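These are the residues of each chain, in order.
2 protein chains.
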Amino acid sequence: MSVTAAKGFTAAGIAAGIKDSGSPDLALVVNQGPRLAAAGVFTANRVKAAPVLWSQQVLGGGRVSAVVLNSGGANACTGPAGFQDTHATAEKAAAVLGHSAAEIAVASTGLIGVRLPMDALLPGIEKAAAELSPHGGEKAAIAIKTTDTVHKTAVAEGDGWTVGGMAKGAGMLAPGLATMLVVLTTDADVEAAGLDAALRAATRTTFDRVDSDGCMSTNDTVLLLASGASGTTPEPGAFAEAVRTVCDDLARQLIGDAEGATKDIRIEVVGAATEDDAVEVGRSIARNNLLKCALHGEDPNWGRVLSAIGTTSAAFDPDKLNVAINGVWVCRDGAAGEDRDLVDMRYREVRITADLAEGTESAVIWANDLTADYVHENSAYSS
Amino acid sequence: MSVTAAKGFTAAGIAAGIKDSGSPDLALVVNQGPRLAAAGVFTANRVKAAPVLWSQQVLGGGRVSAVVLNSGGANACTGPAGFQDTHATAEKAAAVLGHSAAEIAVASTGLIGVRLPMDALLPGIEKAAAELSPHGGEKAAIAIKTTDTVHKTAVAEGDGWTVGGMAKGAGMLAPGLATMLVVLTTDADVEAAGLDAALRAATRTTFDRVDSDGCMSTNDTVLLLASGASGTTPEPGAFAEAVRTVCDDLARQLIGDAEGATKDIRIEVVGAATEDDAVEVGRSIARNNLLKCALHGEDPNWGRVLSAIGTTSAAFDPDKLNVAINGVWVCRDGAAGEDRDLVDMRYREVRITADLAEGTESAVIWANDLTADYVHENSAYSS
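Quick note, the sequences are listed as chains A and B, same order. Counted the way numbering that gives the first Met the number 0 counts, the first sequence spans residues 0 to 382. Counted the way numbering that gives the first Met the number 0 counts, the second sequence spans residues 0 to 382.
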C-alpha cells in the first residue's frame, strides 16, 4: 500500500528527533527507476515555505529520484537560512543515496516560523536510508503526521500498473491546494509531461475542492513519481482516472480527519451557469462559519446557505434558489420549502445541494463543521 | 441619547409579542421635521431581506418620516409573501402616524426564512406609536437587540446641532456592510444628498471595516435621518466627521459585543501600495480562523498572519513582510524577529500591525477571536 504499492519504490519512516514527542517525523521515498519522471503541484499561497521553493525548482526538471519529508516543522517564514536548511537536506540525501541533489524533492510540515533542528534531521536521513524497504510505505505515511489522528494511504490498480499514495493534513485545509503533503507513486511508464497533465487534472477536482477551514497553508505539496518499473504505458485516460481516484480517496480522508470535526459536509452546487460559478458558490458555503456551527448543532439552517450564496458573484436570481439538505428541499424559490423537521441530521455526512437554477454546470466541495474542539485544538497548537 | 439625542425626533421600544421570550421587539423612530431628509446604506449581500428591498425604494426618494424596526425575525428568504408583510407594516405605520407609506422605512432582524407574526407586529405599531417620546431613544435601542448582550447608542455634538444613533449586531458581522441595523438621526439642516455623502464616507471606514465572523447578513441597514430642527446647517466637513465619529463608536460597540468573543482585534495594515490592498490584506487576516483561534489562546502566532497575507492579491514581497503584535515586531523580513515571549496578550484588545513594505497606504480592520462560545451560540441559535 501507500507509496510502495507501485513497483520500483522503497520508503522508510523513522523518528529523527525533530519532534519533541519522539514520534516518527522523517520519511524518505526513493524511486529505483528505471524511469525517474515526476510532476508536482504546490500551494497557491504567495508565502511559500523553503521546501516548496526548493521542490518547485527540482520539479522544473521533471525528474525526482527521492523525496525527503519531515513533520515537526514547516520551515516556512524562516528566511534565507531556512532555504539553506532545505538545500542541506537535499545535499545530505543526495550524498547518502548517491543521487544528484537537483533531483531530490523536500517537503516539510509543522510549525511556521521556526528553524528545523538540522542536527537531528541530517543524521535522520542516514538512519532512514538504512531502513528503506519496498514495504516501507506505511511507516513513511505515519512519519508525516502532525495533528492527523490517522495516517492516510490509497491505491488504485490499473491493467498491469499501480498508482499508490500517502497524505497528511488535518487543519489549514483550503483550496489552492488543500493544505497538506501528498506523495503519489506509480510504476506506469509515463513521462513527466503525462504525469503533469494527469496530476493537474486530478487535483483540480479533488484536493482543490476540499475546504476544512478556509485557511491556505504555506507548505502544500503534491508529488507524483513514476518508476516505469511495470514496463507498461497506460492509455492516458485510464491513467488520469487512476490518479484522480487516489487523489479523491486521500482528499476524502483528509476531510474525514479534519481537526475537531464531527461532520463531513458534501456541498454540491448544481444548475450553475459555469463551473467557476459552481466552485465559487460551493467555497462560499464551505467557508461560512455560521453555517458550519449550525450543522455542528444538527440544525438544517438553509438561511445561512442563502446568505453565503448571496456574497458571491455567480449568476443567480435570489427568488429562484433551491436548497436541499440530506435530500429534503428545505428551500424552494428562495423561501421556505419542505418542512425542515424532515431532515435527518444524525449522521456524520451532511449533503447540501444548492441549485442556482441558471444552467447545467455543477461542482462538489467537501467541508467540515466548526466545533469547540477545533477552537481548542487551534488555540493551543502553535502552527 | 440614542436616536432622540437630536431635536425633532421621537422614538419608542415595546414588546409586541414577536419574540417568544416576551422581550422588547418593536421600535419606532419618527422624524417630526421640519425637514424629512434621509440617506441609507444597505447590505451588499445579493440575497436581501424584504425590508431591505422595501427601504431601498423608500430611500430613493430621499425622505423618511419614520422607521419601523423589529427584532425576532429577519423577514429574509420569505418570498413575495414576506415582501407583502413589509409593505403592510409600512402601510400600518403610515395610517397610525398620518404619513405616506412611501416615506416609511422598515428594518428587521432575527431568524432567516420564517414569516413574521403579523398578528402581533401590526397591533404593536399602534402600541409603539402611543408611547412615542422625545426620550424614547434608549427603549428603541433595547427593542432591536437579538443576541446582543447590551444595547448600543452613541452621540456626537456639533456647534448647535447633534448626531445620535443606535445599533444592533453581535454576529453575522462582516464588511459590505457589517451585519446590523443602525439608525442615526440629526437635527442639522442637511438635505438628502449631503446626508448621503456623509453617510457613505463614514460607513466606508467604520461599519465596512469590522469583521466579526466573515458572514455577511441579508438585512444590514444603516439609515441617517435629518429633522433640521436645530435650524443650523453645519459645514460639510464638520458634519461628515460627526457622522463618522458616531458610526465608529457604534462599530466598535458591535465588535466589543460580538458573539462569544474574548478579544477585540485591531488589524492595521501599513506600507501598502494602495488602500484597496490594505483593506484586502486586513480582511484576509481578520477572517483567518486559525489566527482567530490562536489569539483566543493568547498565542502571538505571526506565522498565521503571514499565511493569511499570502492568500491575497496585494503587492508585497514575502521576504520583506513585517508583523508586530501588541507593539512587538515578532516578524521582520518575512522571518522570526523579536522574541514572541515579549508579547503581552492578557488584555482584551489585541493590536496587529502588518507592514507590507510596498508604499504608504494603510487601513484598519476590527475583528474578533474565534471561541468555543461562538460555536456553542451559533450551533444552538437558528438565525
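No lab work stands behind these hints: they were computed from the structure. There could be a bad hint or two in this list.
Since the list gives no way to pick one copy over another, a pair counts as held whenever it fits inside one copy or between any two copies.
With a Cα cut of at most 25 Å, we get these calculated SDA-like pairs of lysine to any residue [as the list claims (entries may be wrong)]:
1. Lys262 with Asp372
2. Lys262 with His375
3. Lys319 with Pro79
4. Lys262 with Thr359
5. Lys319 with Leu110
6. Lys319 with Gln56
7. Lys6 with Gly270
8. Lys319 with Val113
9. Lys262 with Ala128
10. Lys262 with Val95
11. Lys262 with Ala237
12. Lys262 with Ala371
13. Lys319 with Ala43
14. Lys262 with Gly32
15. Lys319 with Glu357
16. Lys262 with Ala272
17. Lys319 with Gln83
18. Lys126 with Trp328
19. Lys6 with Leu96
Remember, predicted model here, so these are calculated numbers, not experimental data.
Going down the list of hints, with the structure as the test:
1. Lys262 with Asp372: Close inside one copy (12 Å) and across copies (19 Å); limit 25 Å.
2. Lys262 with His375: For Lys262 and His375, the Cα distance is within 25 Å both inside one copy (17 Å) and across copies (15 Å).
3. Lys319 with Pro79: between (54 Å within a copy, 12 Å between copies)
4. Lys262 with Thr359: neither (28 Å within a copy, 45 Å between copies)
5. Lys319 with Leu110: between (46 Å within a copy, 20 Å between copies)
6. Lys319 with Gln56: For Lys319 and Gln56, only the inter-copy Cα distance (22 Å) is at most 25 Å; the intra-copy one is 49 Å.
7. Lys6 with Gly270: neither (43 Å within a copy, 53 Å between copies)
8. Lys319 with Val113: between (51 Å within a copy, 17 Å between copies)
9. Lys262 with Ala128: neither (40 Å within a copy, 48 Å between copies)
10. Lys262 with Val95: Close neither inside one copy (45 Å) nor across copies (50 Å); limit 25 Å.
11. Lys262 with Ala237: For Lys262 and Ala237, neither the intra-copy (32 Å) nor the inter-copy (53 Å) Cα distance is at most 25 Å.
12. Lys262 with Ala371: both (13 Å within a copy, 17 Å between copies)
13. Lys319 with Ala43: Between copies, since 19 Å is at most 25 Å while 34 Å is not.
14. Lys262 with Gly32: Neither way: Lys262 and Gly32 sit 42 Å apart in one copy and 55 Å across, limit 25 Å.
15. Lys319 with Glu357: For Lys319 and Glu357, the Cα distance is within 25 Å only inside one copy (9 Å; across copies 45 Å).
16. Lys262 with Ala272: For Lys262 and Ala272, the Cα distance exceeds 25 Å both inside one copy (29 Å) and across copies (41 Å).
17. Lys319 with Gln83: between (56 Å within a copy, 18 Å between copies)
18. Lys126 with Trp328: neither (57 Å within a copy, 39 Å between copies)
19. Lys6 with Leu96: within (19 Å within a copy, 84 Å between copies)
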